[in-house]
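**Q** Residue numbers (the UniProt record's numbering), protein chains in the order written: chain A, 1 to 260; chain B, 1 to 485.
Keep in mind that the hints were calculated from the coordinates and are not lab data. Yeah, the Cβ is synthetic: ideal placement off N, Cα and C, and Gly gets one too. It is possible that part of the hints are untrue.
What the hints assert, rightly or not - No farther apart than 27 Å at their CA atoms in a straight line, the calculated lysine-lysine pairs in the DSSO-like style are these:
#1 LYS420/B <-> LYS150/A
#2 LYS448/B <-> LYS435/B
#3 LYS125/A <-> LYS92/A
#4 LYS92/A <-> LYS191/A
#5 LYS150/A <-> LYS448/B
#6 LYS251/A <-> LYS24/A
Unchecked claim - Listing some non-contacts, in silico: residues in chain B with all C-beta distances to chain A over 10 Å:
#7 ALA66
#8 GLU319
#9 ASP348
#10 LEU480
Claimed, not checked - Computed, partial: chain B to chain A, Cβ under 10 Å:
#11 GLN380
#12 TYR381
#13 ILE398
#14 LYS405
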Amino acid sequence: MTDLNTQPRPAPAMGSEIAVRIEKLNKWYGSFHVLRDIDLTVRRGERIVIAGPSGSGKSTLIRCINQLEEHQSGRITVDGIELTNDIKNIDKIRSEVGMVFQHFNLFPHLTVLENCTLAPIWVRKIPRREAEETAMHFLREVRIPDQAHKYPGQLSGGQQQRVAIARSLCMKPKIMLFDEPTSALDPEMIKEVLDTMIELAEGGMTMICVTHEMGFAQAVAHRVIFMDQGQIVEENTPQEFFNNPKSDRTKLFLSQILGH
Amino acid sequence: MSEVHAETVPFVRDTMLPSAAPPARQSGVVLWLRENLFSGPLNILLTLAGLAAVWGIVSHLWPWFAHAVWNASSIGECRQIIAERHGEGTTGACFAIIRERWNQFIFGFYPAEHYWRPTAVFGLMMFAVAPILFSESRRLRWTVLAVSAVTSFAACVALGAPDRVLLAVGAGFVALAALIEYAPRRALAFSVLYPFLAVWMLWGGSIWSPIAVLAGFALALVVWRLGARLGVGLLGLALGVAAAVWWWAALGPRVAADLQGLMPLALVPVESRSFGGFLLALTIGVSGIVMSLPLGIILALARQSNLPVVRTLAVMFIEFIRGVPLITLLFVASILLNYFLPPGTNFDIILRVIIMVTLFAAAYMAEVIRGGLAALPRGQYEGADSLGLTYWQAQRLIILPQALKISIPGIVGTFIGVFKDTTLVTFVGLFDPLKQMADTIRATFAWKGAYWEPYVFTGAIFFILCFAMSRYAMYLERRLKTDHR
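Isolated chain A, as found in the complex:
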């Protein structure tokens, strides 16, 4: 496991406003029931880590929040807007919700800077110069301003993932979703990405992270959610979750990932 400072940090006060509300969410792939009656409420400023074995539906869950996956029943409300089939509604929510992917999904035909300014210019209609200033600000935040004019293919995996984080931040999102952001990285690069995420957390961002980095979960999460077979099995504070897990399935999972 990556060595992180696992001291619980003084969290900025979590708001009472609700950022994401999921009620009775169900989703099927064909006849396969991937998400079963999920209920989850995320408050503004809250940081949630979703853990679980592969195939448990954790990625699918956060991909429903910005409708990269459609759900068949239940209600998802993001930033006070309910997700419906209305494409304008969905585009609006996507512009307020940043997402970081396992495989970065940077645009290889654009430079790092262009990757970061594209959406602000075309979606937010921000003048190019202003968008570039914002982009450089966030590239400095993730500590790679000197790579701004390179293409993604010229960067290391860790650098690419930090660009992906900067690209999302340039849209000034209200919520950030992380879908296994370190799973495709070499061990040496995992830390630089997690450090960036921790800094983001310290800034008070609402974050929902699917990750296997339990050190990260202990360091920044307000709540850890454990999923198995498309359901939420356990939901707890990190201290309780790691030191005093309630369900047998959680205990088994923890023994397997922490035991080696």
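Following the hints, put chain B in place on chain A, whose structure we already have.
**A** For chain B alone, coordinates are given in the frame of chain A:
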């Protein structure tokens, strides 16, 4: 570590090795010959056989080229000269047919006093496309522009264009060059207007007719924009198209006629039947190429659409067109359409052929581009979606630039195919350079029996143009290579 080394002391490196230069590459002619041509008994045999084959071909063809006659007034005179110079029974090319009739291979039956019009149109075409094709390299752009401007201007002079025409063409070239240099974005407006200018210059007639057609497009655009602002989207587009059709059918021609009465500005009209040779091939080829790309993109996207009706229509169109030989479509264009059109309508034959060639090429293009779209990882769509880009923004900014880049070899292959397929218009009685035009020239008594020379000549020009397209595609692929550098 294996058992054998178990007793060795642990190793710790105290200095890191600096990077060393790679070993010098072994080179030399002899080494190259040995490695590539004579590396074994089989290769020695193959090399010798290859050399024999090359020698056989060259030794048979060379006298034919070497004995070529360029100055003669008939094939008989050619043969006489060859026999006198090189002895009875020797072969020789009679390129005098090209020297005497080159104008027909290039322009067909286009009136000779107006040869400058297609020539100037060709020069202007380079000004319309160079800013787009060579947007990155200033040096390349200016080389291409300088060469084409100078040659087409010189050709206009040589072809006896009137002085005021030369003045206008020269001034036009200079003005466009200045526009491209100082206001590259404005220069794109010329690229958009160019097709209308080209049609007017090639076919002649009143300048107000192409302007009226252009006004129809402008009208459609205005209505569509207005609709978009009012938030009616697709309805606005439909209304725009309807308005344009109404304008073209009803009001436009009358307005054009009135304007012509008020301010006469016209070129001598030239019939479509007078077009021939490479003028015809290029007119059809370039139009087909330019229009089939956007149409192909739309078809490829339609085929991937989530809307079942759109997808089904696209699949039906593509599969139908691909299932039918081009010649069939050309026959439909030349004969069958007359049955369906109201009597008395004069629907230009070249326009009909261009439409069919475009549809044919677009179907192939759509499949080529679909291959490019399929090659893109799903993550690119998701990356674009997650940032809140709309469908069209994602397509235009993220998906298509990458998909088209992947498809460049296929796209240019289709372009080259389209250009070569223009020779098939021979079957609907148009004067393509390869067959119909050559046959027509051979039908005169003086050139009866001159078979090879026209084929070599037209083949050479086709090769130069197709090879240029192919090289351009390679250049473009290199230029757009941004990954894995």
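**Q** Would you mind marking each hint as holding or not holding in the structure?
**A** Hints, verified against the model:
Of the pairs offered as hints, the one joining LYS420/B and LYS150/A is violated, with about 41 Å between alpha carbons and a cut-off of 27 Å exceeded. Between LYS448/B and LYS435/B the alpha-carbon distance is near 14 Å, which keeps this suggested pair within the 27 Å criterion. Proximity of LYS125/A to LYS92/A is assessed by CA-CA distance (about 13 Å); at most 27 Å being required, the pair is judged to hold. Distance restraint check for LYS92/A and LYS191/A: the Cα-Cα separation of roughly 33 Å exceeds the 27 Å cut-off, and the hinted pair is therefore not satisfied.
Distance hint between LYS150/A and LYS448/B is unfulfilled; the C-alpha atoms sit about 64 Å from each other, more than 27 Å. Distance check on the hinted pair: LYS251/A and LYS24/A sit about 26 Å apart at the alpha-carbon level, within 27 Å; holds. The Cβ of ALA66/B sits about 52 Å from the closest Cβ of chain A, beyond the 10 Å cut-off, so the non-interface label holds. Listed as outside the interface, GLU319/B is consistent with that label: its C-beta sits roughly 28 Å from the nearest C-beta of chain A, beyond the 10 Å cut-off.
For ASP348/B, the requirement that its beta carbon stay farther than 10 Å from each beta carbon of chain A is met, with the minimum near 41 Å. Look at LEU480/B: its CB is around 7 Å from the nearest CB on chain A, not clear of 10 Å, so calling it non-interface is violated. Because the closest C-beta pair between GLN380/B and chain A is about 7 Å apart, less than 10 Å, the hint holds. Hint status for TYR381/B relative to chain A: holds, with the closest Cβ pair at about 9 Å, below 10 Å.
Checking ILE398/B against chain A: minimum C-beta separation of about 6 Å stays under 10 Å; hint holds. A hinted interface residue such as LYS405/B counts as satisfied when its beta carbon comes closer than 10 Å to some beta carbon of chain A; here the least separation is about 7 Å, so the hint holds.
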